[in-house]
Amino acid sequence: MAMLTAFRTTTLPRFSSSIFASRLVSTLVVAEHEGGSIKGSSVSAVEAAKALGDGNSISVLLAGSGPSLQEAAAHAASCHPSISQVLVADSDKFTHSLAEPWAGLVHIVQQKGGYSHIIAAANSFGKNILPRAAALLDVSPITDVINIFGSSQFVRPIYAGNALCTVRYTGSSPCMLTIRSTSFPVPAVSANSRSNEAPISQVDLSTFGEDSVGKSRYVQHTSQDTERPDLGSARVVVTGGRGLKSAENFKMMEKLAEKLGAAVGATRAAVDAGFVPNDLQVGQTGKIVAPELYMAFGVSGAIQHIAGMRDSRVIVAVNKDSDAPIFQVADYGLVGDLFEVIPELLEKLPEKK
Amino acid sequence: MKILVTVKRVIDYAVKIRVKPDKSGVETQNVKMSMNPFCEIALEEALRIKEAGLASEVVAVSMGSAQCVDTLRTGLAMGADRGIHVEATGALYPLTVAKVLKALVEVEKPQLIIVGKQAIDDDCNQTGQMVAGLLGWPQGTFASKVLLDKDKQLATVEREVDGGLETLCLDLPAVITTDLRLNQPRYATLPNIMKAKSKVVKKYTPQELNVEIKSDLEVIDVTEPPKRKAGVIVSSVDVLIDKLKNEAHVI
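Chains as they are written, first to last, in the numbering used here: chain A, 1 to 353; chain B, 1 to 251.
Bear in mind the hints are in silico, worked out from the structure with no lab data behind them. The beta-carbon is built from N, C-alpha and C at its ideal position, and this holds for glycine as well. Fair warning: there could be bad hints in the mix.
[To be verified] Restricting the straight-line Cα-Cα distance to at most 27 angstroms, the calculated cross-link-like pairs of lysine-lysine (DSS-like) are:
{"hint": "1", "chain 1": "B", "residue 1": "2", "chain 2": "B", "residue 2": "199"}
{"hint": "2", "chain 1": "B", "residue 1": "2", "chain 2": "B", "residue 2": "152"}
{"hint": "3", "chain 1": "B", "residue 1": "145", "chain 2": "A", "residue 2": "245"}
{"hint": "4", "chain 1": "B", "residue 1": "2", "chain 2": "A", "residue 2": "348"}
[Said to hold, decoys possible] Now the stretches of chain A that chain B is said to cover, found in silico as 3 or more residues with beta-carbon under 8 angstroms:
{"hint": "5", "stretch": "79-89"}
{"hint": "6", "stretch": "99-107"}
{"hint": "7", "stretch": "140-148"}
{"hint": "8", "stretch": "167-180"}
{"hint": "9", "stretch": "327-333"}
{"hint": "10", "stretch": "337-347"}
[Stated by the list, open to error] The following label-pair restraints were derived from C-beta to C-beta distances:
{"hint": "11", "chain 1": "A", "residue 1": "172", "chain 2": "B", "residue 2": "28", "range": "27 to 33 angstroms"}
{"hint": "12", "chain 1": "A", "residue 1": "218", "chain 2": "B", "residue 2": "216", "range": "29 to 35 angstroms"}
{"hint": "13", "chain 1": "B", "residue 1": "57", "chain 2": "A", "residue 2": "172", "range": "37 to 43 angstroms"}
For reference, chain A alone in the conformation it holds in the complex:
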C-alpha cells in the first residue's frame, strides 16, 4: 500500500504534466462587474488562470447592458497584464446575473472559442452559473479550487476544509473551475498595470439559444450596508459570535471595526439569533475569508466556522471559556469577558492612520 501511495503522489503529477505540456492552454474567465469595474474576485480568477500553464491565452467574458458594461470592459482590458482579450455581451438579457441566460452565453462562447479551461470565482455568482454551464457542456466542474498544478490537477477543500482533495480532470475540454479568491491574491503590481491594454470585442449573440431564458425573472435586490470594507477582501476582520448576546452589543464590534478599518463578520449562531444579517456569516456555508488579522469575539470555534477563516494569517480569539476550540487555531488567545475586553481594546488600540 505504501508503494501504491508513493506512486500516486509522485509519479502521476509528472506524468500528467508531460501529456498536457504540449497542448495549448486557453482560458475563459467568466467575470463579474459592478459600478463600471471588474470585481476583485474576478481578477483573482485571472491570476489563477496564469497557473494553468505558460503561454495561456486568457480571455475575460463580461455581460450586462448599458454604459457601466462598457466602462467595466475598459477597466477589464487594463486590470491585469495577463489578459489577452475582453469579450463583451451587451444585451438586456444580462442586466441581472441570472443563471439561465449566463449559462447559455458561456455555452455559445465556448462553442466558438474552444477554450481548454473556463474559470470563475467561487462566490454566489460563480457557484450559481458555472455548474449550470458545465451541465450544458457535459463536463464535471470543480468547486472552490485553492491550488493549481499544471493544467489538469487541482486541490480543493472537502469536509468543511478538514481535508484537502487533489483531483485530476480527465474529461474533454473545457475543464471548468471555480476558484477561492483568497487563495489567488493579485499582486499589487499587476493590479495597477496599465502597460498592456487588451482588445475588446463584442460577442455575436445571433446563435444565442432562448431555451430557458425568460423562465426566470429578476424581482429585486436588497443590499446590506456597504460602508465598511468588503468581508471577502478585507485586510482585517472582526467577528462576533453568540457570546455577543444581542444585536445591540454587536454595535461594539462595529466600533472596533471602524477603529481597525476592518470588516465585520459573524458566526451562524449570531446570524440565526438575528444579531446581524446573514451575508456577514463566515464559515463553510457563508463566506470564506483569509485576512491578515482575524479577531474572534465570543466565538466557540465550531468546525463549520473554522472552515471559513482557518487561512487567516494571524488569528486572535477572545473567549470566556478557556476550553473553547477556537483557542486551538488562535495565534493569540485571551481568556476573558469580551464585554470588558472590547471597551479596553477600543480605548487602547492605536488610531488607524
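Since chain A is already given, all that's left is putting chain B on it; use the hints.
This is chain B only, laid out in the frame that chain A set:
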C-alpha cells in the same frame, strides 16, 4: 403537483473526520452517518408546501450504496410519501447525480425539484444547478424563502447572495436549492418512524434509467490540511496589543 427531493447520506456534521493513512479518502467505517443538513431543509420545505395544500406528493430520492435506504427511511419518517433508491457503487459526482435525476424526472414528472445547496462532505454546490441545466428548467439557488403560486405556476424565491438578498420569479417546473435559513427541519416522531417502515421505497439501477456511471474526475489523494502552529494565551489586552503590533505586525 409532485415535488421531488434529494436526500444524501453523509458523515454527520458534528463528527471530526479522519483522513485515511493511505490518503485514499476519509474514514467512513464506524462513523456516524446522517442526512445532509441541507437535504433536511429541502425535505422540510417540500413537506410545508404539501401541508399548505400546494402539492399532492413528496417523493424522496437517494443515490448510492444500500445504506442510503436508512437515509430515505428518515425522510419518510419526516413525512415524505415514498422513496426512490438508485443503487450505485463507487464515486457519484454531481454530473452523474444530475443525469440520474433527469431520468427520474421523465418517470415521475414532478413540477418542482428541491435539493440542498451543497453536501457537507464534498462541498461541491453543483447538483441543483446541473440538473436545472440538463432539464432546461429555471433555477433558484441558495433559497432562504420560497412562495408558490399554484394557479399561475410560479415560484418566488428569495436568494442569499453576496452582499444581500435577491428575489427571483421562476416559471414552474423549476429547481430550488436550499440555504440554511430557509426553515427549521422537524424531528421525526416515534409513531411516524414506525409508519415510515411500511412506506414504499422503489429501487432502480442506473442501467434501468439509462445512465452510465462514469467520471471525468479522478481523486489523486486526500490529505490533512496543514496544521497551524500552536498559539499563545496572553494575559491582558496590553500584552495582546503589544504582540499584534511588535510581533505579528498586523496593526
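Outcome of the hint check:
Restraint check for residue 2(B) and residue 199(B): the C-alpha separation of about 17 angstroms stays at or below 27 angstroms, so the hint holds. With a CA separation close to 16 angstroms, the supplied pair residue 2(B) and residue 152(B) stays within the 27 angstroms bound. Simply put, residue 145(B) and residue 245(A) have alpha-carbon atoms about 26 angstroms apart, close enough for the 27 angstroms limit, and the pair holds. Taken as a hint, the residue 2(B) and residue 348(A) pair is broken in the structure, with Cα atoms around 61 angstroms apart against an allowance of 27 angstroms.
With a threshold of 8 angstroms between beta carbons, the proposed coverage of the stretch 79-89 of chain A by chain B is violated, since 0 of its residues qualify and at least three are required. Only when three residues or more bring their CB closer than 8 angstroms to a CB of chain B does the claim for the stretch 99-107 of chain A stand; here the count is 3, and the claim holds. Counting residues of the stretch 140-148 of chain A whose C-beta lies closer than 8 angstroms to any C-beta of chain B gives 5; at least three are required, and the coverage claim holds. Counting residues of the stretch 167-180 of chain A whose CB lies closer than 8 angstroms to any CB of chain B gives 6, so the stated coverage by that chain holds, three being the minimum.
Under the rule that three or more residues need a Cβ within less than 8 angstroms of chain B, the assignment of the stretch 327-333 of chain A holds, with 6 such residues. Coverage of the stretch 337-347 of chain A by chain B holds [criterion: at least 3 residues with CB-CB distance below 8 angstroms; count 3]. Range check, residue 172(A) to residue 28(B): Cβ separation about 31 angstroms, and the 27 to 33 angstroms hint holds. The beta-carbon spacing between residue 218(A) and residue 216(B), approximately 33 angstroms, falls within the hinted interval of 29 to 35 angstroms.
Restraint check, residue 57(B) to residue 172(A): a C-beta distance of roughly 39 angstroms satisfies the suggested window 37 to 43 angstroms.
Consistency note: the structure conflicts with the earlier hints numbered 4, 5.
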